[in-house]
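Chemist: In case you want the letters, here they are:
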Amino acid sequence: MAVQPILKYPHPLLKKLAHPVPRLDAEIATLIQDLIDTMQAGPGSVGVAAPQIGAGLRVCVVDVSKSRHGKDNHHGLLAMVNPEIIVRSGSAVMREGCMSVPDYTGDVERATGITVRFLDGQSGAQQEVAASGFEAVAIQHEMDHLDGVLFLDRVVSISTGLFRRKNYG
Amino acid sequence: MTPSPERSYYAVSVVGPDRPGIVAGITEALYRLGCNIADSSCAMLASEFAMILIVSHPKPFTKAQLLDELKPAGDRLGMTLSLRSLHDGEEQRRAFAGEICQITVYGADQPGIVYRVTSALAARQINILDLQTKLVGSDDAPVYVMLLEATLPDAITPDDVEQLLANLRAELQVEIGIRIVTPVEL
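Those protein sequences? They're chains A and B, same order as listed.
Anchor point for the first sequence: position 30 equals 26 in the numbering used here, and the numbering is continuous, going up by one each time.
Each number in the numbering used here corresponds to the 1-based position in the second sequence with 5 added.
None of these hints come from the bench; they were simulated from the model.
In this text the structure is predicted, and so the values were computed from the model without any measurement.
What you were told as hints is all true, and nothing was included just to trick you.
DMTMM-like, lysine to aspartate or glutamate: derived pairs with alpha carbons at most 20 Å apart:
1) B:64 to B:93
2) A:12 to A:80
3) A:62 to B:190
4) B:76 to B:23
5) A:62 to B:104
6) A:67 to B:190
7) A:67 to B:104
8) A:4 to A:149
9) A:62 to A:33
10) B:68 to B:96
11) B:76 to B:33
12) B:68 to B:44
13) B:68 to B:80
14) A:4 to B:190
15) A:4 to A:99
Using the sequences provided together with the hints, build the complete structure.
Modeler: Below, the structure is given as structure tokens:
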């Protein structure tokens, strides 16, 4: 059990590309347990990525099963090592906030359905999960952390489309 | 920056005919004064440009000093300035617990759309966070568009708001859409 402090922007690690995990070992098992403990300790938290607790490795955990948006459509606790999104479909806008960027929220457009392939951090097996809805959003948000991408990098304005001047030239 | 008792806080608004350089001119004056800009929002409405900013300055500093220093920049740019001192925690960002609703209203232009919708909301203590309107369409068929965001008190559900606005929708013959946009913490 080790709840780790969540790093906050502008901590430099949050903007760095995380390294692939070469193999599952005791160190990675500890990291995964820390991620799970940290997620479960955060009020309403549905995911944490390794860079958020100071580890520049491609590992993240997601669990939307206890959240009101995800409780009816989820795969429980996902401990993902070297995750890759291999299929994306649809798109929807959701207003996101992030523990690493306190006091700010923004509208972000993401795929509504994804298939993600990863090494299961607990069983060690290669897995593919087809996620949709809020779970898909949470996975994409946490995986962005592995690429040094924050939701701030993806914020879209709600009003530009509506109020943009047309150019008939 | 976290609000501090060592600083004076002001709400500054700046309005005038649009031209390039208004934001740069006003913020240069603030920067040279040693003011910090916290939250701000700027918009062009018709050909008028408006800025509203929360600024702070280390004490001692007065509203009169701030106005004296800003006025020349405002005059040079043809802008009208107004200033208000913030007291007793007014500089703090308020936290809202309730659901956040985005409400879209559009329809043939007519007097009273903003008034009727917002007074229905106000009567139920629904607090508006952001509101924009635009008159679009042609001279013979003007269309009014309003987009607002509001926080709901705990006792009011999105369905209640839907009900509340359904009557107005029929009476004013406008389209009204409601969407929950409460942020998700990830």
